[in-house]
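What follows is the residue order along each chain.
Protein chains: 4
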Amino acid sequence: MHNSQIRPVLDALNDCILACEHCASSCLHEEHLHMMVPCIEADRDCADVCRLTHTLLARGSKHGKHLLRECIEVCEACAAECSKHDHDHCQECAATCRRCAEACRSLAA
Amino acid sequence: MHNSQIRPVLDALNDCILACEHCASSCLHEEHLHMMVPCIEADRDCADVCRLTHTLLARGSKHGKHLLRECIEVCEACAAECSKHDHDHCQECAATCRRCAEACRSLAA
Amino acid sequence: MHNSQIRPVLDALNDCILACEHCASSCLHEEHLHMMVPCIEADRDCADVCRLTHTLLARGSKHGKHLLRECIEVCEACAAECSKHDHDHCQECAATCRRCAEACRSLAA
Amino acid sequence: MHNSQIRPVLDALNDCILACEHCASSCLHEEHLHMMVPCIEADRDCADVCRLTHTLLARGSKHGKHLLRECIEVCEACAAECSKHDHDHCQECAATCRRCAEACRSLAA
Numbered sequence: 039m040h041n042s043q044i045r046p047v048l049d050a051l052n053d054c055i056l057a058c059e060h061c062a063s064s065c066l067h068e069e070h071l072h073m074m075v076p077c078i079e080a081d082r083d084c085a086d087v088c089r090l091t092h093t094l095l096a097r098g099s100k101h102g103k104h105l106l107r108e109c110i111e112v113c114e115a116c117a118a119e120c121s122k123h124d125h126d127h128c129q130e131c132a133a134t135c136r137r138c139a140e141a142c143r144s145l146a147a
Numbered sequence: 039m040h041n042s043q044i045r046p047v048l049d050a051l052n053d054c055i056l057a058c059e060h061c062a063s064s065c066l067h068e069e070h071l072h073m074m075v076p077c078i079e080a081d082r083d084c085a086d087v088c089r090l091t092h093t094l095l096a097r098g099s100k101h102g103k104h105l106l107r108e109c110i111e112v113c114e115a116c117a118a119e120c121s122k123h124d125h126d127h128c129q130e131c132a133a134t135c136r137r138c139a140e141a142c143r144s145l146a147a
Numbered sequence: 039m040h041n042s043q044i045r046p047v048l049d050a051l052n053d054c055i056l057a058c059e060h061c062a063s064s065c066l067h068e069e070h071l072h073m074m075v076p077c078i079e080a081d082r083d084c085a086d087v088c089r090l091t092h093t094l095l096a097r098g099s100k101h102g103k104h105l106l107r108e109c110i111e112v113c114e115a116c117a118a119e120c121s122k123h124d125h126d127h128c129q130e131c132a133a134t135c136r137r138c139a140e141a142c143r144s145l146a147a
Numbered sequence: 039m040h041n042s043q044i045r046p047v048l049d050a051l052n053d054c055i056l057a058c059e060h061c062a063s064s065c066l067h068e069e070h071l072h073m074m075v076p077c078i079e080a081d082r083d084c085a086d087v088c089r090l091t092h093t094l095l096a097r098g099s100k101h102g103k104h105l106l107r108e109c110i111e112v113c114e115a116c117a118a119e120c121s122k123h124d125h126d127h128c129q130e131c132a133a134t135c136r137r138c139a140e141a142c143r144s145l146a147a
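Residue numbers (our numbering), protein chains in the order written: chain G, 39 to 147; chain F, 39 to 147; chain C, 39 to 147; chain D, 39 to 147.
These are computed hints drawn from the structure, not numbers from a lab.
Treat the hints with care, since some could be wrong.
For identical chains, the list gives no copy identity; a pair is met inside one copy or between any two copies.
Think about it this way: if two alpha-carbon atoms lie no more than 25 Å apart in a straight line, the pair counts; the simulated SDA-like pairs of lysine to any residue are [stated by the list, open to error]: (1) Lys100 with Glu140; (2) Lys122 with Ile44; (3) Lys122 with Ser42; (4) Lys103 with Glu69; (5) Lys122 with Ala146; (6) Lys103 with His70; (7) Lys100 with Val75; (8) Lys103 with Asp124; (9) Lys103 with Val75; (10) Lys122 with Arg107; (11) Lys122 with Val75; (12) Lys103 with His123.
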């Protein structure tokens, strides 16, 4: 259905959406909540930007490629924030965001 | 991250979003376009309802389960419409929508 | 463009999306943050459910009406939670969610 | 709630989402359907990009401003396409997209 160039990016975006939604929800129930606020904010934005990029690429829109630039930036900002925290969901989200940025970068090239 | 009960539903929803976006875009470039209109409309709605269900389940929201009912209905309506058309993207979309409805039904049970 | 029955509901949904996004962001910067968690969670879900309802009604989808039921429930849950907190953004969000539930209920009738 | 600089942009984005969803749905029921395909595709993308920009600005995200660039481009592309067609919904959509691009441009400045 989607070709071999686009499919891994769609998968990476889906993984990133799942990791960000899960991380935001989990952060809200951590003990040191004030410290987690920038992480929650980054997760929320990253999930939404990845969701639109996923949508546009899935439908073969020419605007999909234009979103990649912004998507890479948001994923990297989220990875940088999440990587500061030791919680499993944060570390996992940071790694997933980095992989997503990498996948988007390959496609943008 | 997401447990073994929820993960297959998230995967089925993602597959369904991809199939519906692709089918809608492909239908718009078929020769007998007037015949494809109900299929395009069903795809558009199904992709959006699956996207919200995916979002709510991914974040562990209690409203995720409430959406399943509507998601099953929209997936079945889309499968019924797509299955009328012989194009590969329609047949593939019909099968994917049916699998998604099935996955949602298991989780709702 | 949209008729006089649907337009006030679209406006109420838009107001509700704006109030919920603003309330969630503001709650994250309140002092007694742990108390605000259920409010943030309700806001997040309410914004997303209203967004899909707005989308489906705007496009004239038959599934728009089906979403109203769930939208009313999510708006009322969000109003109930927000109304427990004295912050302006919470009180404003509670009132906006109640108006949105009311508008959806009129259309569903 | 939202300040006097951001509120008119949120309103313009909401109007644009409504016009694009309505135009896409209406185009699908026009007689010369093949001619309307680029318009339907532009509407679909424009509605989705405006929806994310609306979301990010409503929550006060720093990424909201980054999306403006892309949003302006998508609105202008949609206006250019819609303005080629005489249907009321196309002409109305073209004008609304142009106003939205203008509002986004003021905020980006």
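Determine which of the earlier numbered hints do not hold for this structure and return their numbers in increasing order. 2, 3, 4, 5, 6, 8, 12
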